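*Asks:* These protein sequence lines are chains A, B, C and D, in that order.
Take the first sequence: its position 245, counted from the start at 1, is 245 in this note's numbering, and no numbers get skipped.
Take the second sequence: its position 72, counted from the start at 1, is 72 in this note's numbering, and no numbers get skipped.
Take the third sequence: its position 48, counted from the start at 1, is 48 in this note's numbering, and no numbers get skipped.
Take the fourth sequence: its position 6, counted from the start at 1, is 6 in this note's numbering, and no numbers get skipped.
Rather than coming from a laboratory, the hints here were simulated on the basis of the structure.
Careful: at least some of the hints might be erroneous.
Chain A is nowhere near these chain B residues, computed Cβ spacing over 12 Å in every case [claimed, not checked]:
1. 59
2. 75
3. 76
4. 135
5. 140
Computed footprint of chain B on chain A, listed as stretches where at least three residues anywhere in the stretch have a Cβ under 8 Å from a Cβ of chain B [claimed, not checked]:
6. 204 to 212
7. 307 to 320
These figures come from a predicted structure and were not determined experimentally.
From the three backbone atoms N, C-alpha and C, an ideal C-beta is built for every residue, glycine too.
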Amino acid sequence: MPIWLYILASVIKSAIVLVVLLTAVAYTVWLERKVVGHMQNRWGPTRVGPFGLLQPLADGAKFLFKEDLTPPHVYRPLYIAAPLIAVIFALTSISMIPFGNSVTIAGYSIPLQVTDVNTGLLVILGITSIGVYGVALAGWSSNNKYSLLGGLRASAQMVSYEISLGLSLVGVLIMSGSFSLRDIVNSQGGHFWGFIPRWNIFTGQFIGFFCYLMAAYAETNRIPFDLPEAETELVAGYHTEYSAMKFAMFFMAEYANMITVACLATLLFFGGWNGPLFGPAILQAILPVFWFGAKIFAFLFLYIWVRGTLPRFRYDQLMAFGWKFLLPLSLANVIATAIAVAW
Amino acid sequence: MLSVHLILFLAFGAVAVAGAVNLLAQTHPINSALSLIAVMAALAGEYMLLGAEFLAAVQVIVYAGAIMVLFVFTIMLLNAGVEERTKGSRVATMFGIPGVLLGSVLLGWVVLRHSGTEAVAAGALPGAPAVIGQLLFHEFLLPFEITSILILIAIMGAVVLASKPPSAPARKVD
Amino acid sequence: MTPNLNLWLIPILPLAGAAINGFLGKKSSRTAVSTVALFFSGAAFLWALSVAWRCLSMPLPYQEYLAHWIRSGSFSVDFAFYLDQLSLVMLLVVTGVGFLIHIYSVGYMWEDPSYYRFFAYLNLFMFFMLTLVLANNYLVMFIGWEGVGLASYLLIGFWFTKDSAASAGKKAFIVNRIGDFGFLIALFLIIQHFHSLAFTQVFERVAPIASETAGAGLLTTIGILLMVGACGKSAQIPLYVWLPDAMEGPTPVSALIHAATMVTAGVYMVSRSHVIFERAPIALTVVAIIGTLTALFAATIGITQTDIKKVLAYSTVSQLGYMFMACGVGAFSAGIFHLMTHAFFKGLLFLAAGSVIHAVGGEQDMRNMGGLRSYIPWTFLTMGIATLAISGIPPFAGFWSKDEILWKAYQESWIYWLIGAVTAFMTSFYMFRLLFMTFFGDYRGLQVDDHGHAHAAHGHDAHGHGEPHESPWVMLGPLVVLAVLSTVGGLVGIGNRFEHFLAPVFGSEFPQRVTEGSGGAELLLMGVSVLLALAGATLAYILYVSKPYLPQKIADSLGGFYEAVLHKYYVDEIYAAIFVKPLIDGSTSILWQGVDRKVIDDSINDAADGARHVSDEVRHMQSGNLRSYAGWIAGGAAIVIAYMLWLGVSR
Amino acid sequence: MVPLSYYLVLSGILFACGVVGFLIKRNIITIFMSIELMLNGVNLSFVAFAAHWHALAGQVFVFFVMVVAAAEAAVGLAIIIAVYRNRETLNVDQVNLLKL
């Protein structure tokens, strides 16, 4: 493949992924409001468009046109940089996610992935770990005690749970023997007894998945671990002082992170785009992407479901849970997996 | 001719040096910390150029993502402000800094003059995670285990040091 | 495929006993301590017996390799053991007599407060002695050599609170050092010229060398130096002075170390090195002369001594002289034969003397004894046998071995024989003198009161009332066993059987210097020596039983000579004047006042003062400021870098 | 293709910056960061040498340096917090009681 074609393909892929991601982010927000509304015996957004489907557009317009307020006594450079950091790293990490097998267009095999890196999983972890700076710096630069507390909580929480997150993935890595997300997905093809798919969650990584899920909730600051922005204690936590588009950036970063995490869960534990293939060739090409999207949707729904169901932890409970329960559990999972594989 | 490799090297190197100089120039520790993160990210890029992809990832995850977060966290926790201009040590300025400059100039001269012109190709030594893992868990198993103990001790030490000294325990009255 | 004999067990067992008693003994009961000590020494003896039994059916020498010790280029020394007929004899003597004396000590030392320490030392001695005997090279032998010296020092000074015991220990140690010095130089010469210390290799490399008949050469030097070492350990002229003083130790120690085993290490070493000595006739002559003179010299002193243990000590020196005389005339097997029988009867003599001392409550002066025959019949009986044995009355053990030596000496030169025979006469005389003064006549002792050092050792209540009393059976048992051995032990020498047994060690390459002499001459000499022994006994009977006033008269008539002999020819005083006093004076005036005070002390004080002054200045560097420390480091690093570069550039 | 010496010079510059930072900075946290900068500079030369000599052990050493740096950061920052709690300052020029 000539280099220019390669670059062209990458640009097109990036553009598609970005558009899809942003749309997904917008409609995840809509979905959340809708689902939580129904859970609480309300309707959720209904006014803008059918079933309130145009509500995200209206929200976007509102964020764009509201006054961008910079409070006095903030540390301006970082106050401005923080939301950018948050959103940029949240959007970047999606570029490593493969969302289907390669397709063949005009004789060229093009992988359905923005960049295919051998150590894709590590890169995602690295980018995610940088994302914490957005939250921490936002909290610090706002020069507000609620923000600072939120930022402190966020950085401590994210650093703590990053360990469990990483360790919960090690089991999968041991089983697949690769850091490449594509390889990991490919290693999950096939079935047991012809009908149970050979997904990692069914091949002994249930505890790993549980740890991953818990750590992922904490990493994305979602209920029940949303202490950095606990409304009842800290007003709005680290983004108390933010408004308009800067606030929207945090918002987008949070939901983009949710989607990334859901993608990862799908890829690592639920077989990625593996699923039943049938029908004509064109359907066979589309179905994997469909299965992938459906699994992500299921995860996002789970996120919202949990949010609508569970109360928030206390901060000391959060830390105790992370260090005293989740970390040992994920370590035990690593050891058990290693022994099982070696044996 | 400027190859892609050299251009990338120079770009990352420029970022790294700029970050390092900015670290020195800034008076507020948080700016220094962010500069250091930039240096580390640029170095991760250099590692990639040299083929050490695993190290690059670990550099970002461990250094930028964990160690520097600790620094930022500490800065936030202690609410460290702009550096005070106190009159410090004469030795450091009169003896130390000229020493550093002299030493680096001498070393740079030697390195440039005598290390030859053999070039290092991009990705010259692929440090794939699997290979590094093989090395770590076979040849370097003992150091690996020892460092793990070191880390454990460091964790305990950090907890002991940073935890508040316990107030005198209330005497039990029988 | 030779079977594995596990020789290492033999030394290790006593070491284990020593360790257990040394570390745990303080808290243990006496019964436990003696059980441990007896078990380990007895086990060593039994193992040695089993080794001997198995040796009958296997080719000797047998070597056992344990571990590397020194590796330096082509030179190497291993921990390894070597067993041939010679070391087998020594092995059995050491473990057997050692075990008996352990048993005896249980009774003898029972009241001592440092009971456990005694047995720890005694077992330690066994370990080193067995190492010495079993060594397959000179260096391991030297370990044992030094180790037995250490054990000897510890045991001589066992009652270290007593000044004379402590200084006797020191004396033994220091005098032995002089001998060890010669031994060490001999070892260095061997390393330098033969590049090995292993017996087999050294002897292989020595064997082709022609005998140094013309003049003193390398082998003569080595031989004489080895003899210096042997003189120290085996108490030969001029280094014998420590042995009589060593009698300050507990009597079982005197029996085990200073009669039966350790002092014979020199004889063993010379015999072991016979390959070297045979090729160095001058060295051999030196050995013979030293041995002969020592035998005579010590015997004359022995006649005049009144302390029962001192008599035995000089007797030991004298008998050791016999053994060296045997070695010196090339009759190594005769020397070893005498070594063995001597171990039996001299061990017995000392143990019996201990029993006597025990009986009279710590008294050692024979003038305060007498008439003990009826009080302690078993002791008298066994001691009588030992006396007969040492005097050379047939058929007791001493007769066979002594006669063998005299016969071999006669073949070398009639002078040796003459002196040896005179010595035999004297030996008989002073031994019977001892016997008569102790056991015959009337009891001259005071009612025993609480004086004498031995009281601490065995002042049990029987001493409270003055009757001399027989020792317990735990002490008499070993006496009886040794008495039997002293009686029949010499029979193995009939018809040169012992010599044949040792022939693989000594005879194979040794030119047969001894022509099969006419049986008549041998019988004649035998008769003469027996007659001399009987004459000595008779003379002693006349002087000390029937006409007890005579000795004083004779002594008076001899005047100065008697005085000289009584005071051991003033050798100690001469040594003190020649060596000790100049050493002390020189040390005091030059080393202490001059070197130590002026040079060493002052330099140290000046250094300390200088350090304080300098640091007074330099401490300002310690400003407490982190950055200035960093500055020092950075500047220093720059200097180091610059220096290294300069080194690189200038090269 | 980049000569090895370029990497070494870059590493040296970073290291020298770290040392200078140690010398001129007063805030103890910044000083600590200078140490990390020095470690990073050294790590770069490790990796460069590893590539130059084709010895992966160089990369493993970097891994160990990172682990030790993490341990050091944990303890060091804990010490800084303890110092701040006792002395209420982060200025090293004012933390100089340890002297004669």
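*Asks:* Indicate, hint by hint, whether the structure satisfies it.
*Replies:* Do the hints match the structure? See the list:
no. : hint       : verdict
1   : 59         : violated (8 Å)
2   : 75         : violated (8 Å)
3   : 76         : violated (5 Å)
4   : 135        : holds (16 Å)
5   : 140        : holds (18 Å)
6   : 204 to 212 : violated (count 0)
7   : 307 to 320 : violated (count 0)
Of the numbered hints stated above, those contradicted by the structure are hints 1, 2, 3, 6 and 7, listed in ascending order.
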